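Starting from the structure of chain A, add chains B and C where the hints point.
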Amino acid sequence: MKKSRSIKVSRTVDVVITYAILIVVAFFFFFPCLWLILSSFSDSGSLYTLNGFFPEAYSFQNYIKLFTDTQMYNYPEWFGNTLFVAVMSCIFGTLLTILTAYCMSRFKFKSRKALMKTTLVLGMFPSFMAMTAVFLLMTQFNFINNHWGLILIYSAQAPMGYMVQKGFFDTIPSSIDEAARLDGATNFQVFLKIILPLSKPILVYTALTSFTWPWSDFILPQLLLPTMDNWTVAVGLMYLDETEFARFAAGSIFIGVPIVILYFCLVKYMVNGMSAGAVKE
Amino acid sequence: MTKTLSLFLAHAFIVIALITTFGVLGLQREEQEAQERFTGVLEENVTLRILDNDTAKETGYLDELLAAFNAEYAQYGITAVDANMGAYTDLEKLGPAGYGPDIVYQANDVLMRYAENRHIQPLPAESMEVYAEIPSEAWDAYQSTMEGTEYTFAVPVNVQEPLLYYRKDLLPENWQETWDDDGNGVPDMVENWADLFAYSAQVKAESNGTRYGYMKSLNDQYFAAGYFLSYGAYIFGQDETGEYDTEDIGFSAGESYKGARIIRQLATVMDNNCADDTITTSAYELLGNGTYFATMTTPDVYESFIDEFASSWSRTHRDWTEEEVDAYVRENLFMTKVPALPVSGDLTDREGETMEMTVMGGIHGYAISSYTKSPNAALAFIEFATSEEWIARRCELLGIVPARTDVMEAEGGVAADVYDDLIADRIYIMPGERAMTQVWASFGSLLRFIAEDGLRGGSTYDTDEKLIAAMEALDAEIYSAIHTLS
Amino acid sequence: MADMQYKSAPREFFENLAEKIKKKWRAFCAMLRHGNVRVACSMLIMGTGQMMYRQWAKGALYLLVQAGFIVYLVLTGARDFFGLFTLGSVEANPWYGIEGDNSVIMLITGILSVIVMVIYVSLYIANVRGIYATQLRVEAGKKPATFRQDVAQMFDRKFYRTVLFLPVIGVCIFNVLPIVFMILIAFTNYGGDIVPPKLVDWVGFENFGKLVAVGEYTTTFFKILGWNILWAVASTAINYFGGLALALLLNKKCVKGKVFWRFFPILAYAIPGFITMLGFKYMFANGGPINYYITQGGGSAIFFLGANSTWPARLIGLMVNAWISIPSSMLLATGILSNANKDQYEAARIDGANAFQQFWYLTLPFVVFATTPVILSQFIGNFNNFGVFYFLRSDVSSSAGYVLANDTDLLINWLYKMSIDNNYYSIGAAISLIIFIITSVISLVVYIFSPSYRQEETYR
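Protein chains in written order, with numbering that gives the first Met the number 0: chain A, 0 to 280; chain B, 0 to 485; chain C, 0 to 459.
Chain A extracted, bound-state conformation (with noise of 0.2 angstroms):
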């Protein structure tokens, strides 16, 4: 009797703590949040006229006049534009990046470690300079003031960032796929039946970050997209910065929308792990 109780008290002493410090992570996260959502609403139209966080008094202007008035900043433009940009890196990134991730888990082949390491120092270099070399790269190519330029560039440097996913794929017993080659299924099939329904978690964890970095960058684009009907948002919320703010926070609210509702729509397969249908060893 004493210790069932002894252990109800702990029990209810750790889902307290739990909760209190769950509360604390929600403030620290949310608070940044609620004080630009709430802003992007403020009448007066910027964070600078607030008294302190919160502004007098809210209105839906700021939103209204971001997708009305569009002769000179044409947001719902810009929208699009960057939609198109990152659904399609996001698709050949992901792509790219997870088969590469496969490749470097499951075979050995010779250069592998070479590969292993070479990646990882590219990735140690200081890249900003590099930028200018993709510039006139891109002025070679003639993919300047063109979307499809942008995306080869982010579906090609996608693969670079493999290393996660070899670590997800590296924990995924090769007893699994050593069974189906028994079978006589071919690397290719091994991959497409068994791997990949097993890779939810990180398929959407790859196309997310694939997604939301072209969603949010704006060295790349303000370096290769240099008319104002072809910016993506990011590239045009940084020029509103200068001379219109209401308009920045409310352009910049509007952008996470989309994120937060693709999490919504993929946070089962995050969450739900895979691991407790498969095979155990």
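Worth flagging that the hints you see were computed from the coordinates, not collected in a lab. Remember, predicted model here, so these are calculated numbers, not experimental data. Here a beta-carbon is modelled for each residue, glycine too, at the ideal position from N, C-alpha and C. Careful, some of the hints might be misleading.
Claimed, not checked - Every beta carbon over 12 angstroms from chain C, so not counted as near; a handful from chain A, in silico:
| # | residue |
| --- | --- |
| 1 | 21 |
| 2 | 56 |
| 3 | 73 |
| 4 | 75 |
| 5 | 79 |
| 6 | 130 |
| 7 | 164 |
| 8 | 228 |
Claimed, not checked - Mimicking DSS-like on lysine-lysine, the simulated pairs with C-alpha atoms at most 30 angstroms apart in a straight line are:
| # | chain 1 | residue 1 | chain 2 | residue 2 |
| --- | --- | --- | --- | --- |
| 9 | C | 141 | C | 157 |
| 10 | A | 112 | C | 255 |
| 11 | C | 222 | B | 2 |
| 12 | C | 23 | C | 209 |
The following block gives chains B and C in isolation, referenced to the frame of chain A:
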């Protein structure tokens, strides 16, 4: 063995031979003859891409101008369109790649940087209709001697200098008795810095730090430079032809420490934002809602102030009509030349002698990209856009200060004041040197240190000796940033 | 024992290398000696030998490669390659319509031509090897592989080649080429007044000499390097363990509404980094909301990001970086944890292990094993984290005792200021080459000794 080896070597030989032959051939260049690009013959069926600034687009000025030009030049098949690029687009980067605009409207320091590396075309300025209408002081900003020849690179349109903006309705009610010692009908606090300083201190104290008199980001180099230049500082020395000598840096020249002292004094009557650059965008609104009484900025943003003032006024006066608000706002927002500085360089000295302030300025103008395919059509566009009619229209819509004398005379007011400053050499035209980056970086940091010291009441820069030493250190720092590595 | 092993490692490496080269050379000689007419034909004109073995499709593809390469050489390749050495000889003068050479573009296209040549040579080798293998196969009495068999191989035994082909080409062009470009820039006089259309030239090690000669740069370099290492270690640790802790917390059975609690970090994750950073910059500005409450409460404002605020600004940088990065490392840890073997935990619980022991003996080794490469890449990412201080403190451009840098700048910020703001491209490139050598040696060593690299099989 011989078969395989010989064919292997044959392959290697062929590839190497191919590379060598075509490599050497490819690098040969025919002797090219210099062609005069301004032949006077208009290119037909061409499209000109015009880069203008944001206000020209927002106010609809650019559209009007393009429509009028296109109507007149339709017979030649010349069309001008908006380049549809950000106002700070870098011609140096895009031009050689073939993506740049044909005509750029930018500030003289940017344009002259382009000129240094031949990204913009020298213009036959003297043969242009506009030549005689613009004073030589304005043309000077666009002239440079290269390899013994003097070239002109752009046509001046708009003279920029800092002006004082203030809200007349925020003046104390009895200002005519208490703040007009000379009885000239102009409030003293917008006439000289010492009174503005005193008034700012009073407003800040009375409102308990919720309202301010004069406010401006003190680490904004462009606007702060004036205080130093007025007391004898200069940026780069110049030789007799007007070329800059970047080895000769003169921030500590004359009594420039007085300028530094003024920065420190001003900080004490401002709010914490003065040592920060977030305020640059907020000044419009904060002047609009009455938090600030006055600020300093260039004349081309007048309409932005009007907009912010109007929107803030209509929020607090919901029953006013738009016209009433607009009339009220235009009546109460004043733009005037910057106040006079005390000769002593001490803002608490309200009785002493004063002198006109020298300010840093710039001139915006049209230039033609060297990479344009149709220089003659581009020249025709510039002739058209700088005609009296269109410069006058630009003034009307954008509130700029014109470089054309005839338009200036018709405008009068502030435009005439700015024009006087230009003629009397009180505008220090921003040098179009690459090395300005290093100058601005070091200068900006020092300004911030001084302003923070003033805000905090610190002791890093509280005596003249310390300020003199700081100015000398600044010159040395800029020198080393420019020269040790190049 | 272990000591001995590591000491002899370099020697072993070179001995292995010599051995490998000898072996290759012997194989090559054997091929020359033994190869038949078809092999010889393929050596001159790629693919012809394959066609003689009736491998039409394969032969045609090789032929196409060779033809394409020759066309490329004639059109631009050869000129580009030579341009790499001359960097141009005629200065353009667009004022008079005189076309000239753009040295920087010549550098790029030159590197590109080298990459194309390397690809060609490796295809050529594959071609010769392939045909020789076919010869041996036929001699052994087997039939040459059909196209169908080749394709089947591409999806099975050689699947990795099929898959890695595109990424490797992409990485070569968009990662390797820019890096080679930058390394080469370090040996030119590009920058300052010498930018196209002026002609750039090779100057050898002059830039490195300049760096050594100017003492102020050395002291600035070491000051920044020290802070940079501290920053990278601290922020990687904070972000990694923060994310792991959060994931574990949310994985607890007692937490109801996991989706709800996870929403907040995800929200932070959803807002693009540059916006959050600008937001934080304003939040901590001299007149920002935090100082508003401080002054309202009667205190005097704190200049968090001011010119003199070294440590406050650094700590804020760490916090902002944590805010941005913890959500993604939480997602990662959640993914990895969901992959953990639940039976082990069950067994551990039956054995009476408490929560901490389970964490220490099961979770941590598992997670660290799966993510060592990630920790390393996060470390590198943080080491080269450009954004945080670029946004937070861009208005303090230099600090006392630093040349062209302020006291929160990381090496990459310093490089940016030096090369982009101040135009010293070649010097910037030289410094980044030095940094690159330091950091890559450190991380390679860490990587090679990391558990996941050394014992990849443990958790299978």
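Tested hints:
With 12 angstroms as the threshold on Cβ separation, the claim that residue 21 of chain A sits away from chain C is violated: the shortest Cβ distance comes to roughly 5 angstroms. Once the 12 angstroms rule is applied to beta carbons, residue 56 of chain A is consistent with being away from chain C; the minimum gap is 17 angstroms. The claim that residue 73 of chain A is not at the interface with chain C holds, since no C-beta of that chain comes within 12 angstroms of its own (minimum 19 angstroms). Taking the minimum C-beta to C-beta distance to chain C, about 18 angstroms, the non-interface status of residue 75 of chain A holds against the 12 angstroms cut.
With a closest Cβ-Cβ approach of about 17 angstroms to chain C, residue 79 of chain A is found to remain outside the 12 angstroms limit, as its non-interface label requires. With 12 angstroms as the threshold on Cβ separation, the claim that residue 130 of chain A sits away from chain C is violated: the shortest Cβ distance comes to roughly 8 angstroms. For residue 164 of chain A, the condition that its CB be more than 12 angstroms from all CB atoms of chain C is violated, with the nearest at approximately 10 angstroms. Every CB of chain C is more than 12 angstroms from the CB of residue 228 of chain A (nearest about 21 angstroms), matching its label as outside the interface.
Restraint check: the Cα-Cα separation between residue 141 of chain C and residue 157 of chain C comes to about 20 angstroms, which is no more than 30 angstroms; the hinted pair holds. Our distance criterion of 30 angstroms between C-alpha atoms is broken by residue 112 of chain A and residue 255 of chain C, whose separation comes to about 44 angstroms. Restraint check: the Cα-Cα separation between residue 222 of chain C and residue 2 of chain B comes to about 64 angstroms, which exceeds 30 angstroms; the hinted pair is violated. Between the alpha carbons of residue 23 of chain C and residue 209 of chain C the distance comes to roughly 43 angstroms, so the proposed pair goes past 30 angstroms and is violated.
The structure is inconsistent with the numbered hints 1, 6, 7, 10, 11, 12, although it conforms to all the rest.
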